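Undergrad: Residue-level listing of the chains:
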Amino acid sequence: MNFDFSDDQKLLRDQARKFLQDKCDRKSVRSILEDNQKNYDADLWSQISELGWTGTAIPEEYGGLGLGMLELCVIAEELGRALAPTPFSSSIYIFAEFLKSYGTDEQKKKYLPHIASGEKIGTFALSETNGKPKPNNIRTQHASGKINGSKNPVSDGESADYIIVAANSDSNSNYNSLSLFIIDRNDPGLNISNLDTIDPTRPSCALDLKNVACERLGDEGSGWEMIDNIFNRAAVLFSFEQVGGAQVSLDEAKKYSLERFAFGKQIGAFQALKHKMADMYVKIELARSNAYYGAWALSTDSNELPIAAAGARVSASEAYNYASQENIQIHGGVGFTWEYDCHLFYRRSKLLSLNIGSIRQWKENLISNLEKRNIV
Amino acid sequence: MDFNDTPQEAEFRKKVRSFLEANAEKRSTLAAKPKGDAGSSISSAGAPETVKGEDAAKVALDNAKEWQRKKADAGFAAILWPKEFGGYGGTPIEQVIYAQEEHDYFVHSGYFEIGIGMLGPTMMAWGKDEDKKRFLPKMITGEEIWCQLFSEPSAGSDLAGIRMKAEKDGDEWVLNGQKVWTSGAHFADYGMIVARSDPTALKHKGLTYFYVDMKTPGIEAKPIKQISGSANFNEVFFNDVRIPDSQRIGAEGDGWKVSLTTLMNERLAVGDPPGLDFDQIFEASKEIEVEDGLAVKNSEVRQKMADWYIQSRGLQYTKYRSMTALSKGQTPGPELSISKLVTASKMQDVSSYALDLMDMSGMVHQDKNPILKNLFQNGYFFSAAMRIAGGTDEVLRNIIAERVLGLPQDERSDKKLPFNELPSGKN
Chain A
386 MNFDFSDDQK LLRDQARKFL QDKCDRKSVR SILEDNQKNY DADLWSQISE
436 LGWTGTAIPE EYGGLGLGML ELCVIAEELG RALAPTPFSS SIYIFAEFLK
486 SYGTDEQKKK YLPHIASGEK IGTFALSETN GKPKPNNIRT QHASGKINGS
536 KNPVSDGESA DYIIVAANSD SNSNYNSLSL FIIDRNDPGL NISNLDTIDP
586 TRPSCALDLK NVACERLGDE GSGWEMIDNI FNRAAVLFSF EQVGGAQVSL
636 DEAKKYSLER FAFGKQIGAF QALKHKMADM YVKIELARSN AYYGAWALST
686 DSNELPIAAA GARVSASEAY NYASQENIQI HGGVGFTWEY DCHLFYRRSK
736 LLSLNIGSIR QWKENLISNL EKRNIV
Chain B
15 MDFNDTPQEA EFRKKVRSFL EANAEKRSTL AAKPKGDAGS SISSAGAPET
65 VKGEDAAKVA LDNAKEWQRK KADAGFAAIL WPKEFGGYGG TPIEQVIYAQ
115 EEHDYFVHSG YFEIGIGMLG PTMMAWGKDE DKKRFLPKMI TGEEIWCQLF
165 SEPSAGSDLA GIRMKAEKDG DEWVLNGQKV WTSGAHFADY GMIVARSDPT
215 ALKHKGLTYF YVDMKTPGIE AKPIKQISGS ANFNEVFFND VRIPDSQRIG
265 AEGDGWKVSL TTLMNERLAV GDPPGLDFDQ IFEASKEIEV EDGLAVKNSE
315 VRQKMADWYI QSRGLQYTKY RSMTALSKGQ TPGPELSISK LVTASKMQDV
365 SSYALDLMDM SGMVHQDKNP ILKNLFQNGY FFSAAMRIAG GTDEVLRNII
415 AERVLGLPQD ERSDKKLPFN ELPSGKN
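Read top to bottom, the protein sequences are chains A and B.
Oh and the first sequence: position 69 is 454 in the working numbering, straight run, nothing missing.
Oh and the second sequence: position 373 is 387 in the working numbering, straight run, nothing missing.
Isolated chain A (complex conformation):
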């Protein structure tokens, strides 16, 4: 039984934590939160790119470090702890993973080195309207090498140089109609408009596409299958970010409860608060363990991945949502001020739990994958 990260991976974690403590303090998170003109922390992005984080799990032949997914999990947790305002998840967990899994060698050579070096940013555009994306609400259409339609919301779309767009390649609008296409942000037919989000440190945008040129990624008609797979991979990485953020929410709740006095004692001495923090701890430990299992499945290409990823995703989303919400509660009145940091976590937790599909959808994924496994 070796269900833990290696010593080297723990060393990487310590270095990443120390680096982010220096370079990504709350002041820099707020500088993105409070500045409408900035979509992400460009200084931080170039520094973590120089450190090679963006290329962690990209093979060396495509300009990456060629480390594994476990190392990427380690970095994800630290980015989550620090609330790093960067397009890391869109570009690395999703865009790069799409290219790694489904790009032709030529496409990998064309895109991955720039993504690995951080000099270019990628993202993925799926959703078009309220509710779960599915065949009957995807209207964006591909025909004769051009894409027409609209996408909303698209995480990090304003920062992205390349965007993978999900579009129907036939008119049947069923599960075999969807294909994926890579577009360039400089295409004259592409109009990008900024959207405010519940967490402005993680921005989104709306895309309007009129005869946008594209190249296909992966097989025609296999869009939904590819999305499922890449979202499963991304879900594990997201879950580490979420566990990281949840842990800091608990740590800060605890710290405050020891500094604040009421009725003659530290508020952390009241059982109502002690038990609340114990519940936060329980949810976080369960989430961490589920995330570990996801990491194992991801790093070994196990066919358990769909189940492990959904378990990690649900558990981590619930833990972070709970921890960030109760962190505000434990802070009392100051907890809902702009000045205190509680809202940074409250915003981020909810945004992350929606970013690649809601808890509701992931619970459904989990049970349907368990049903499939049972049949096999």
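Simulated from the structure, these hints should not be mistaken for laboratory data.
Mixed in with the good hints there might be a few duds.
Said to hold, decoys possible - In silico lysine to any residue, SDA-like type, Cα no more than 20 Å apart, as pairs: (1) A/K519 x A/S554; (2) A/K505 x A/G448; (3) B/K28 x B/L340; (4) A/K757 x B/N312; (5) B/K84 x B/A36; (6) A/K757 x B/I413; (7) A/K661 x B/R417; (8) B/K311 x A/I744; (9) A/K517 x B/Q317; (10) B/K179 x B/L436; (11) A/K640 x B/R335; (12) B/K318 x B/P348; (13) B/K300 x A/N759; (14) A/K650 x B/N412; (15) A/K395 x B/L340; (16) A/K650 x B/R41; (17) B/K342 x A/A427; (18) A/K640 x B/N312; (19) A/K661 x B/K311; (20) A/K661 x B/K300; (21) A/K395 x B/K429; (22) B/K342 x A/D393; (23) A/K661 x B/Q317; (24) B/K28 x A/N387; (25) B/K300 x A/K505; (26) A/K395 x B/Q344; (27) B/K318 x A/I744; (28) B/K318 x A/N759; (29) B/K318 x B/R335; (30) A/K395 x B/P346; (31) A/K650 x B/G420.
Quick caveat, the model's predicted, so the values are computed rather than measured.
With the hints as your guide, set chain B onto chain A.
TA: Just chain B, lined up with the frame of chain A:
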């Protein structure tokens, strides 16, 4: 990351497996229902269905003793005990491996868990050599069964509040008072007991620890019928019970310290609570019809089941993390402390929700209930006890808050006064 045994662990697992295959009956997954009733797996579950009542209990006990004997002969009865007392001299990871493997078999070791897991280690740490030689080997073989006489009507979560009187009379002690929630007192041969030897001392200082022969005149065990209908616990009354001073374990007044040794081992002994869990409700949901078809296809049911799945597997993977630490010879982190807290409530939620799904037939709870074999009816009662036994939910949350998170201890008004001046210590 991998889930593989080290070569030594694999070797040990192989040994365990071949022992179990040769000597015990494997259980099917669906029959993996709650092992018995609150407190431990002590019940008549090991008896054939045709045998009823007291006879069934006797048959189950005999079967368990026979199994324990085999285990002891093979060396697996007490993995962590040193060889000189008949143990395996093994490591914690070997203990976990054995428990994992035995879990798949239809055997009952619950009668002996308190002795081997908690009381034996207490005697090893504090007892006299002649007592160790006399009692420990028979504890392992199951020849003599032990019970733990700790809780009292006025001292549950607040164990140090016990009032059982121990008065010295020459070379003897006279015990008077009442114990409660004593698992197996009605069939135990011996018990370990903590009693108040000095009511004028501070609450935690006036206690002394003894062992008693359960056949000593003046001891009377009365089973307590639980909401499940079965009786696994007892009230035990002590009326002028005279025991020699040689049955004292630890010094006079050291009873609390000795008790802590027992309780520290409780966490290890009670580590693997029986599970009515996701797997059972998932299977049941494929048989039960709700308003729009099979329950397993209903969206609300699926959402609920997903929650239980992540709790269940989260605990399992948490255990893997602790096993990893053990396997490397390290002490596991505090993460295991969440296990019973999560398991008990999950079981209650699962049972209650499953009965809801069953609709009117959820009301039925009779012998040989053909509908899912009473699985969830039993779980409904059992889980209520599980949230209390071995530390209530509230005590466990306090422990996590104080010992894991380092939050302040609750204010205590009972630490500085002599016991007989406390509100709970006055008669």
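Undergrad: Hey, A/K650 versus B/G420, does the alpha-carbon distance stay inside 20 Å?
TA: holds (15 Å)
Undergrad: Could you grab the alpha-carbon distance between A/K661 and B/Q317 and see if it respects the 20 Å cut-off?
TA: Given pair A/K661, B/Q317 is violated - Cα atoms ~24 Å apart, limit 20 Å.
Undergrad: Given the hinted pair A/K661 and B/K311, is their alpha-carbon gap at most 20 Å?
TA: violated (34 Å)
Undergrad: Please work out if B/K318 and A/I744 have their alpha carbons no farther apart than 20 Å.
TA: holds (12 Å)
Undergrad: When you check the alpha-carbon spacing of B/K28 and B/L340, does it fall within 20 Å?
TA: Cα-Cα ~19 Å, so holds.
Undergrad: Does B/I413 lie within 20 Å of A/K757 when you go C-alpha to C-alpha?
TA: Status violated; Cα separation ~40 Å.
Undergrad: Does A/K519 pair with A/S554 here, judged by a C-alpha cut-off of 20 Å?
TA: holds (15 Å)
Undergrad: Hint check: A/K505 vs A/G448, CA-CA at most 20 Å. Holds or violated?
TA: OK: A/K505 and A/G448 at ~13 Å, within 20 Å.
Undergrad: Between the alpha carbons of A/K640 and B/R335, is the straight-line distance 20 Å or under?
TA: Measuring from Cα to Cα gives roughly 27 Å; hence the hint is violated.
Undergrad: Taking only the CA atoms, is the gap from B/K311 to A/I744 under or equal to 20 Å?
TA: holds (18 Å)
Undergrad: For the pair supplied as a hint, A/K650 and B/R41, confirm whether the alpha-carbon distance does not exceed 20 Å.
TA: violated (54 Å)
Undergrad: Holds or violated: B/K318 and A/N759, Cα atoms, limit 20 Å.
TA: holds (19 Å)
In this structure, the hints that do not hold are numbers 6, 11, 12, 16, 17, 18, 19, 20, 21, 23, 25 and 29, in rising order.
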